[in-house]
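For the record, the sequence lines run as chains S and W.
First residue of the first sequence? That's 20 in the numbering used here, and the numbers climb one at a time after it.
First residue of the second sequence? That's 11 in the numbering used here, and the numbers climb one at a time after it.
No lab work stands behind these hints, which were simulated from the structure alone.
Just so it is clear, CB atoms sit at the ideal spot from N, CA and C, and this is done for glycine as well.
Some hints here could point you the wrong way.
Claimed, not checked - Straight line, CA to CA, 16 Å or less: simulated EDC-like cross-link-like pairs of lysine to aspartate or glutamate:
| hint | chain 1 | residue 1 | chain 2 | residue 2 |
| --- | --- | --- | --- | --- |
| 1 | W | Lys271 | W | Asp240 |
| 2 | W | Lys64 | W | Asp172 |
| 3 | W | Lys218 | W | Glu114 |
| 4 | S | Lys201 | W | Glu155 |
| 5 | S | Lys201 | W | Asp261 |
| 6 | W | Lys111 | W | Glu155 |
| 7 | S | Lys144 | S | Asp159 |
| 8 | W | Lys271 | W | Glu253 |
| 9 | W | Lys180 | S | Asp159 |
As the list claims (entries may be wrong) - Residues from chain W that keep clear of chain S, each with C-beta distances beyond 10 Å, as calculated:
| hint | residue |
| --- | --- |
| 10 | Asp19 |
| 11 | Glu21 |
| 12 | Lys27 |
| 13 | Val29 |
| 14 | Lys63 |
| 15 | Arg80 |
| 16 | Gly83 |
| 17 | Tyr118 |
| 18 | Tyr129 |
| 19 | Gln130 |
| 20 | Val164 |
| 21 | Gln190 |
| 22 | Tyr194 |
| 23 | Lys260 |
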Amino acid sequence: MDALNFVFPNDLHVHWSMMIVLYPYLTGLVDGSFIVAALYYVFGVKSLKPISRFSLVFALAFLSCAMFPLLMHLGRPERNHNMMITPSPTSAMSGAGFIFTVAIVLIGLIVLLVYRPTLVKLRLKTKGIMNILYRVLTMDSTNLSPESLELDRKIIKFLVAIGIPVATVLHGYVGFLFGGVKANPSWSTPLMPVIFLFSACVSGISALVLAYIVIKKLSNQPVDLGCVRTCINILAGFFILAFSFEMLEVFSHSYLRTWYHHAVEGLLNGPLFYSFWVWQVGICSLLPLLLLGWLCLFKLKASMFKFFAAAVSIMLLLQVLLMRWNVVIGGQLMSKSTRGYTQFHPEWFDKEGIITVIVLMSLPFIVLFIMSKIFPLWLEEEKAPS
Amino acid sequence: MGKPDAELDKERRAFIKKVLNGAIAGSLLLVIPMPIGAATEEIPEQIPGIRGKKWDMSHQRFAFIVDITRCIGCGSCCVADRREFNVPDGYYRTWVERYLKDFESEVYVDSPHGGFDGYQSPRTDVEVEVRDTFFVPKLCNMCKEPPCVQVCPVGATFKTPDGFILVDPKRCVGCAYCIQACPYSARYLDPVTRTAEKCTWCYHRVRKGLLPACVNVCPTGARKFGDLNDKNSEVYKLLHEHEVLTVLKKDMGTYPALYYKGLRREVV
Numbered sequence: 020m021d022a023l024n025f026v027f028p029n030d031l032h033v034h035w036s037m038m039i040v041l042y043p044y045l046t047g048l049v050d051g052s053f054i055v056a057a058l059y060y061v062f063g064v065k066s067l068k069p070i071s072r073f074s075l076v077f078a079l080a081f082l083s084c085a086m087f088p089l090l091m092h093l094g095r096p097e098r099n100h101n102m103m104i105t106p107s108p109t110s111a112m113s114g115a116g117f118i119f120t121v122a123i124v125l126i127g128l129i130v131l132l133v134y135r136p137t138l139v140k141l142r143l144k145t146k147g148i149m150n151i152l153y154r155v156l157t158m159d160s161t162n163l164s165p166e167s168l169e170l171d172r173k174i175i176k177f178l179v180a181i182g183i184p185v186a187t188v189l190h191g192y193v194g195f196l197f198g199g200v201k202a203n204p205s206w207s208t209p210l211m212p213v214i215f216l217f218s219a220c221v222s223g224i225s226a227l228v229l230a231y232i233v234i235k236k237l238s239n240q241p242v243d244l245g246c247v248r249t250c251i252n253i254l255a256g257f258f259i260l261a262f263s264f265e266m267l268e269v270f271s272h273s274y275l276r277t278w279y280h281h282a283v284e285g286l287l288n289g290p291l292f293y294s295f296w297v298w299q300v301g302i303c304s305l306l307p308l309l310l311l312g313w314l315c316l317f318k319l320k321a322s323m324f325k326f327f328a329a330a331v332s333i334m335l336l337l338q339v340l341l342m343r344w345n346v347v348i349g350g351q352l353m354s355k356s357t358r359g360y361t362q363f364h365p366e367w368f369d370k371e372g373i374i375t376v377i378v379l380m381s382l383p384f385i386v387l388f389i390m391s392k393i394f395p396l397w398l399e400e401e402k403a404p405s
Numbered sequence: 011m012g013k014p015d016a017e018l019d020k021e022r023r024a025f026i027k028k029v030l031n032g033a034i035a036g037s038l039l040l041v042i043p044m045p046i047g048a049a050t051e052e053i054p055e056q057i058p059g060i061r062g063k064k065w066d067m068s069h070q071r072f073a074f075i076v077d078i079t080r081c082i083g084c085g086s087c088c089v090a091d092r093r094e095f096n097v098p099d100g101y102y103r104t105w106v107e108r109y110l111k112d113f114e115s116e117v118y119v120d121s122p123h124g125g126f127d128g129y130q131s132p133r134t135d136v137e138v139e140v141r142d143t144f145f146v147p148k149l150c151n152m153c154k155e156p157p158c159v160q161v162c163p164v165g166a167t168f169k170t171p172d173g174f175i176l177v178d179p180k181r182c183v184g185c186a187y188c189i190q191a192c193p194y195s196a197r198y199l200d201p202v203t204r205t206a207e208k209c210t211w212c213y214h215r216v217r218k219g220l221l222p223a224c225v226n227v228c229p230t231g232a233r234k235f236g237d238l239n240d241k242n243s244e245v246y247k248l249l250h251e252h253e254v255l256t257v258l259k260k261d262m263g264t265y266p267a268l269y270y271k272g273l274r275r276e277v278v
């Protein structure tokens, strides 16, 4: 078999490695958590109120770190501004900076407006640096009249409504970066943006559910079961869509049996057999699908429900990470000679190595922790001291 | 006996003078730079219609033809390329693939070190009866619709009016999107400059009327290069004769300017 394996000499290197796995993963988490905020602020899903503010701060924390993997990946990161000042309109990638900027400004504004009443109260309570910070964040306004709050509500609804297409573009676009590469048969499919988008929603909602349950457990606060139930229902819906599209992509091509299928078949059944079929499809998709069905359709005890909701969330977070891995790195394992596969060995101390991944994955949590000191994550916290 | 000695001394002095003169003149030649252009003028023009003409990039339409039936897999082209561009080890602007076919029509391909060392001995890891074998040199296809230019987010990869696809190393951000987009895997990320690199068809030579380095050294004429607007060029004649010429990965819709003569269907 080895004698038949032929990789083009320049294909031995996997040029897009773990940083490019991480980037769509982080933006995906942003997208998913923003969807939860949108469901509450635009579509009026009242049961999501307990995590509505948390979802926004969570999205902002992760979005603020989403560009670091890209910078780590660039060969010449000091030239990254060229993407903004000399954009090439034919390139899918040239929009990255602009879309990212719009998204972070928008989510930042939404957070400031949503938190305005809280920030005004905190401003009046605090002294020193924190007081200055709150004055800046409230733009030195203490107006909390019913009219101004009503105006805030309208602006928030409008901004979140704009945020939906922005978040969709932010992540659908990441999918298109891959879907638009015709040279790689495992990437070039119009379904790629759709798959990326739905899996982003899955990962973001899972992350919120998990973070909510864990933080509440650790701080000995009650978990709002109605909120988690709604999240799990929404999660099930998005996951059915995401998984269906992922499988549709594979099965429609295996039925059409074109050259495309013959090229990708060897990849999925060969080097990606364990990471795709066993882990992504089997353990992390079919199992959570059954669990989600069980959680949604049957009445469970509260403790059981919380435990399995957290377990499903972990599995789905892993599923989406595996999906990114299998698309980004898996897709590059197949040489463009379509006659063989290269190998990928992650290194610990590389610029794009495992240590970097750990650091970059910890960063959003550190940012989230710092932000939680400025923006109280939970409504109860705010009520308790006052 | 004194006279001959004196004459001998004179001859010695004359000889030493000549040697010294020669040495000084020789050293001066090394020190004083030669006028620019003199060096290239000495090499006869290899592509007619470029030297001494008004600079007009859109005047020529270049094409590259690789004749599979002539390639002997000597690797000279790869050596010339590596010397011309100081290509780092493990990366390839051009390479030569070796194809083997057995009687079951199974195809075995390899390209150790990109064919740089030449294929001097048969493959040892294939224990089949070989029915047929041939070599396929690969390089940048200089597509008319280049996906690498399309995807470059900063315009560092661009197409010149005479059809060359080049990379501006001062502008490239090293995102490697072009490497993903190239269906021929002709690009790599230079480990030293951390920018994208690829075969240029020796643009710097061509614009001085010289053939690309690989074409220049090919001992069998398997690599051909010329201007399609020049009806006397070999490439024009080949493309307008009844030869079987084809391009790689036609379905990609990239319209390469690199053509292959006698290309087998097994070649990707």
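Against chain S, does Gly83(W) keep a CB gap of more than 10 Å to every residue? 15 Å, holds
Reported absence of Tyr194(W) from the contact zone with chain S (all CB gaps over 10 Å): 7 Å, violated
Closest CB of chain S to the CB of Lys27(W) still more than 10 Å away: For Lys27(W), whose nearest Cβ neighbour in chain S is about 58 Å away, the distance exceeds 10 Å, so it holds.
Restraint check for Lys144(S) with Asp159(S), where alpha carbons must lie at most 16 Å apart: It holds: about 14 Å lies between the C-alpha atoms, which stays within 16 Å.
Agreement of Lys201(S) and Asp261(W) with the hint, judged by alpha carbon distance not exceeding 16 Å: 10 Å, holds
Mind verifying the non-interface call on Gln190(W)? Its CB should be farther than 10 Å from each CB in chain S. 5 Å, violated
At 10 Å, judged by beta carbons, does Lys63(W) keep clear of chain S as stated? 32 Å, holds
Mind verifying the non-interface call on Arg80(W)? Its CB should be farther than 10 Å from each CB in chain S. 22 Å, holds
Over 10 Å to the closest beta carbon of chain S is the bar; see if Glu21(W) clears it. 63 Å, holds
Given pair status - Glu155(W), Lys111(W), alpha carbons within 16 Å: 33 Å, violated
Can we trust that Val164(W) is non-interface, i.e. its beta-carbon lies farther than 10 Å from all of chain S? 4 Å, violated
Decide if the proposed pair is consistent with the structure: Lys271(W) and Asp240(W), CA atoms, cutoff 16 Å inclusive. 20 Å, violated
The earlier numbered hints that this structure contradicts are 1, 3, 6, 9, 17, 20, 21 and 22.
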